[in-house]
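**Q** Let's have the full structure, built from the sequences with the hints guiding it.
Number of protein chains: 2
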Amino acid sequence: VLLYDSAISGNCYKVRLLLSQLRIEFERREVEVVNRGDRVELLGDKNPAARIPILRLDDGTHLAESNAILWYLGEGTPFVPSSRLDRARALQWMFFEQYSHEPYVAVARYWLVVQGRDPGEISDLAHLHERGYAALDGMERHLTNESFLVGDSYTVADISLYAYTHLAGTGGFELERYPAIVAWLARVAQQPGHVPIDS
Amino acid sequence: VLLYDSAISGNCYKVRLLLSQLRIEFERREVEVVNRGDRVELLGDKNPAARIPILRLDDGTHLAESNAILWYLGEGTPFVPSSRLDRARALQWMFFEQYSHEPYVAVARYWLVVQGRDPGEISDLAHLHERGYAALDGMERHLTNESFLVGDSYTVADISLYAYTHLAGTGGFELERYPAIVAWLARVAQQPGHVPIDS
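So the sequences go chain by chain: A and B. Each residue of the first sequence is one higher than the one before, starting from 910 at the first, in my numbering. Each residue of the second sequence is one higher than the one before, starting from 910 at the first, in my numbering.
Possibly wrong hints are sitting among the right ones.
Stated by the list, open to error - If the Cβ cut is set under 10 Å, some of the chain A residues that face chain B in the computed set are:
1. N956
2. A959
3. R993
4. R998
5. A999
6. G1047
7. V1091
8. L1094
9. V1097
10. P1101
Hints listed in this document are in silico derivations from the structure and should not be mistaken for laboratory results. Quick reminder that beta carbons are idealized off the backbone N, C-alpha and C, glycines included.
**A** Here it is, written out as structure tokens:
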């Protein structure tokens, strides 16, 4: 398979991490994510949202949206739960990630780290932090009583939320406020086949 | 089952529509969505994102995120595709809906219709329309060649995107620009067991 990828994108890292843990060989094709003016021309025929990651399958078709790619790769393996209710709970966390977490936790990092802005230059940084902390609060409430997000084991839901949560500090979030999240991040990083984002 | 619901929420309507089409009886409990100050207290123990819809299952546990609830209800029925690749394609559209469509198409309607603001009062309405039109452009490109979003039949992906797309006009979007979307909306509304949002 071929991954339309970005080394600095947490959404792309999710896919690289699961491919590594499944020991699936893949080719990476780096796509510029900072200068996005031409992305509909570049990616629009492969993904209606013209975003990466996009996975090109052996039959030449394309699959997009990081969490849908995780689901595709993980189905039939222990990374996607075997019970119907636990599958829905995994998806619940993955939709939470894209709606309530990524637009704040990832976007604060994007402006500060990827674009290199000063905090004072980002007009809505306080809003990003307020909503991002609300997402982290929700994770902390759950992880206070649980080792992983769904059931007793590591799944695609953990991969999905690990990607930007472990980078939240670079977006100005104080992760030390969240002992359950910090312990969960360490458990995720200890899973067999784990690779860091810059590998 | 019990649905924590809002009559005006498209996310809640998705669940009501599929429950109707599956002929599953359910109880509705209306939750105030306009005044959200106390929603962590009200909903935080049922959903880490403290949003509706939330479905209370027969065993007393709760499931949240509209698209995860659709998946749970639809698995094992024709509403969730039977092939692994088509399941991933359905999820691709549902993640597209939550990340690239709902935050713009639904939010423009929210300010104009639910909050009753004048267009001139909404500071980022131009941005909501720009990003919402980009999402509609992506749907139109796909639906120009396809009858439904995934494969040849109506699935949870269509339910997910129908909910706010059919209301886009009330958010100031000119749907008449999109003949393939307009034809798809009519096909969706003709499905057996279809109910309107205000039923």
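**Q** Compare the structure with the hints numbered earlier in the document and write down the numbers of the violated ones, lowest to highest.
**A** 7, 8, 9, 10
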